[in-house]
Amino acid sequence: MQQRTFDHHRRVTYDCPDIVKLWICRILLGLDADRWAHKHLGRVHPTIFALELPSRSKAEPPDLQTFRSELLALLESLEIRSNDLPPTEPLHGNVARLGDLVGLSEVDRQLIQLAVLASHYPPLSRTLDILPSRASPASGFDVIACILGTDVTRVRLALSPNAPLQRSGLLGAAFSREVTAPGMLSLLSERFASEIYLQEAEPEFLLRERVIPAPSPSLSLDDYGHVQDTLDLIVPYLRRALVSGRTGVNILLYGAPGTGKTQLACALAQELHVPLYSIALEDSEGRSMKGVDRARAYQAAQMIFSQRRSCILFDEIEDVFGSSPLETMLSGSGSAMARESKGWINRTLEDNPVPAIWITNNVRAIDRAALRRFDFVLELPVPPLRQRRGIIESICGDLVPQPTVDRLARNERIAPAVIARAANVVHALGESDPSSTIPNAIEEIIANTLRAQGFERLTRSDPDRPQYDPTLVTADCDLDAVASGLSAASSGRLLLYGPPGTGKSAFGRWLADRLDKPLSAVRGSDLLSPFVGGTERLIAWAFESAQRDGAVLLIDEIDGFLRDRRSARRSWELTQVNELLTQLEAFEGIFVATTNLETELDAASLRRFDLKIRFGPMTADAAWRLLSMHVYDAGLELQLDETMAGVWLARLEGLTPGDFAAVARRARFAPLATLEAWVRALESEVEVRGAGSRPIGFVRKALPRN
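Residues in the sequence shown are numbered from 1 upward in steps of one, following this note's numbering.
There may be inaccurate statements among the hints.
[Said to hold, decoys possible] Within a straight-line C-alpha distance of at most 20 Å, the following computed EDC-like cross-link-like pairs (lysine to aspartate or glutamate) qualify:
1. 612 <-> 478
2. 517 <-> 588
3. 39 <-> 63
4. 290 <-> 316
5. 517 <-> 480
6. 39 <-> 18
7. 612 <-> 600
8. 612 <-> 544
9. 290 <-> 318
10. 612 <-> 598
11. 517 <-> 444
12. 290 <-> 315
13. 612 <-> 585
14. 39 <-> 106
15. 517 <-> 544
16. 39 <-> 89
17. 290 <-> 190
18. 290 <-> 271
19. 39 <-> 60
20. 290 <-> 398
[As the list claims (entries may be wrong)] Label-pair restraints from in silico Cβ distances:
21. 490 <-> 687: 42 to 48 Å
22. 684 <-> 540: 42 to 48 Å
23. 66 <-> 164: 24 to 30 Å
24. 353 <-> 528: 56 to 62 Å
25. 92 <-> 425: 45 to 51 Å
26. 476 <-> 425: 47 to 53 Å
27. 40 <-> 213: 48 to 54 Å
Treat the hints as calculated values from the structure; they're not laboratory data. Ideal Cβ placement from N, Cα and C applies to all residues, glycine included.
Based on the sequences and whatever the hints tell you, model everything.
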């Protein structure tokens, strides 16, 4: 067993270069670790065996004095030749190029070489990791100074957070005296250590695992007309900064996932005709990178590309602002580390030589003190209807017909990234089987994504659904005249109340079509959030998005928010009502609210509505006309005259358009073959709701069963 161990160690550690042997000897003797090494490692341990001491060939292990003498003799021999022991190429040349580009001192370059060789030669890394911590009380600074044969003050200066080496991100930051030598010598990545040692390469090639070229955008700045005013400031600002070499240029883009933030960053770079380099989210093996590693990659990119006309993209920055050791940057504590961390973020946002575009989905993860250091902070909302339609047409091309484009565009929950993903999937399916047809594939993919996000599924158009006719609805005012008045005024706040199914929500949709405006329809439940302040933010979002789109805002079941505040028991019940009323006062468009519980609404809120319209059950005449439409569409004959059928329908007190819609849906899978079947189905709907007050059995007597 011992012989196999010996052979194994010999194969692994025999070819250590002399510079590595010199550094090991300096640690063992300079830090008084030779006694510990003699006792615990023995002469066949890879750390000791790599030194090739004379006693290694003897049968008996040497005593301490012999061991120490051999170490001293080897050290003296190597020290004499120390100036002629630089690391071999290509490491030496790569470090020289990096040093010239970043402005590294001689000590900085030696530190990089030490870190790289320690990563490649286990005897050195084990000596750094094990011996000093167990055999010597020396700090990491002392250990490194001893290895390099230099003054500890120079090492401290080189590893200070403000120094070029630390700001380059190539080595781990040393925030305190307790950091060990291996921690201080932590390289940017394992692949970086391998690339810089094994092959001659330009500095940007060495970073290719952590800093990657951003993809070409599928959108252009024309697709961001909803934030055009801010873009008209950002584009010339970036262009001038690139020409003048201005430092500290930082743009922050934030908003909900999928709103096109990354695409906008790529489109900005394309407009400026400069390469955009992105900080990677994963390493070469597909593992997610920690925030601190991404921060170091960003630092390295800033230094490497400082002489090149380019921009840097730092996406998903919330994991950087909330990860160790950066998690203490914005903690506000009085510790030295917290102060150092705040200094790090300040320097990062004030002195960066390359313009940077930062992206986050959660702007609240960034401290206000940091936010004020960005030149521009731009929220990117879901694009308005016109922009959404253009984006869908641009991404999907000929994959979907125009009616599908219009239907998808009307859903403001669909972010550009969702559209792009669905289109890519369908393209891939077509490439794998060009002969296959995938009907409605894009809609199906998008619908499933919306459902997973907690949103309502897409509703496809129904060609069999009768068009909304306000003359069939019972309301206490002329609905057509109301629509004409709103068209002229361009603003108004309507409250529609009455029993379920009487056509309130359908009127809101018809009104939007009549006014040729997009519809922003939400249910009261869509605006409820379990988090403190969440409901208020959702309410504000609904009004802001409708204002931005020029849409008719329809909120169904608004009684969930506007209940009488005198019965409120919790503070958040009051704040929700107050937020909705505040937004309602400031809203300049057309707002439609519906409720089945008008008697429970807050009295003060009722005064905010310009018009309150009561919807009721259908008249017998309207019911007969709507029944005739459905029966005619079903291809049935009206076997009874209008007067008799009207009498029967009049017995169905409480009949609503919603009852007809329910029966029409049932007829799709359970066909109604006769007029009697339609009347009985309507009777059943009314009876289930308990809306009728007279015996409905009259219909059964008048229409005897066969």
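Hint-by-hint comparison with the structure:
1. 612 <-> 478: 12 Å, holds
2. 517 <-> 588: 14 Å, holds
3. 39 <-> 63: The given pair, whose Cα atoms are some 10 Å apart, holds under the 20 Å limit.
4. 290 <-> 316: Holds. Residue 290 to residue 316 sits at ~12 Å (cutoff 20 Å).
5. 517 <-> 480: Holds: residue 517 and residue 480 sit about 16 Å apart, inside 20 Å.
6. 39 <-> 18: Given pair residue 39, residue 18 is violated - Cα atoms ~24 Å apart, limit 20 Å.
7. 612 <-> 600: Holds, at roughly 15 Å.
8. 612 <-> 544: 23 Å, violated
9. 290 <-> 318: Holds - the C-alpha atoms of residue 318 and residue 290 are around 11 Å apart, at most 20 Å.
10. 612 <-> 598: 10 Å, holds
11. 517 <-> 444: 26 Å, violated
12. 290 <-> 315: 13 Å, holds
13. 612 <-> 585: With a Cα-Cα distance of about 16 Å, the restraint between residue 612 and residue 585 holds, given a limit of 20 Å.
14. 39 <-> 106: Outside the cut-off at roughly 36 Å; violated.
15. 517 <-> 544: 16 Å, holds
16. 39 <-> 89: Distance ~36 Å between residue 39 and residue 89 Cα, so the pair is violated.
17. 290 <-> 190: 14 Å, holds
18. 290 <-> 271: 32 Å, violated
19. 39 <-> 60: This hinted pair holds, its Cα atoms lying about 14 Å apart.
20. 290 <-> 398: Between residue 290 and residue 398 the Cα gap is close to 41 Å, so the pair fails against 20 Å, i.e. violated.
21. 490 <-> 687: 42 to 48 Å: 44 Å, holds
22. 684 <-> 540: 42 to 48 Å: 43 Å, holds
23. 66 <-> 164: 24 to 30 Å: Violated: the Cβ-Cβ distance is about 45 Å, outside 24 to 30 Å.
24. 353 <-> 528: 56 to 62 Å: 48 Å, violated
25. 92 <-> 425: 45 to 51 Å: 49 Å, holds
26. 476 <-> 425: 47 to 53 Å: 51 Å, holds
27. 40 <-> 213: 48 to 54 Å: With a Cβ separation near 50 Å, residue 40 and residue 213 satisfy 48 to 54 Å, so the hint holds.
Of the hints listed earlier, those the structure fails to meet are numbers 6, 8, 11, 14, 16, 18, 20, 23, 24, in rising order.
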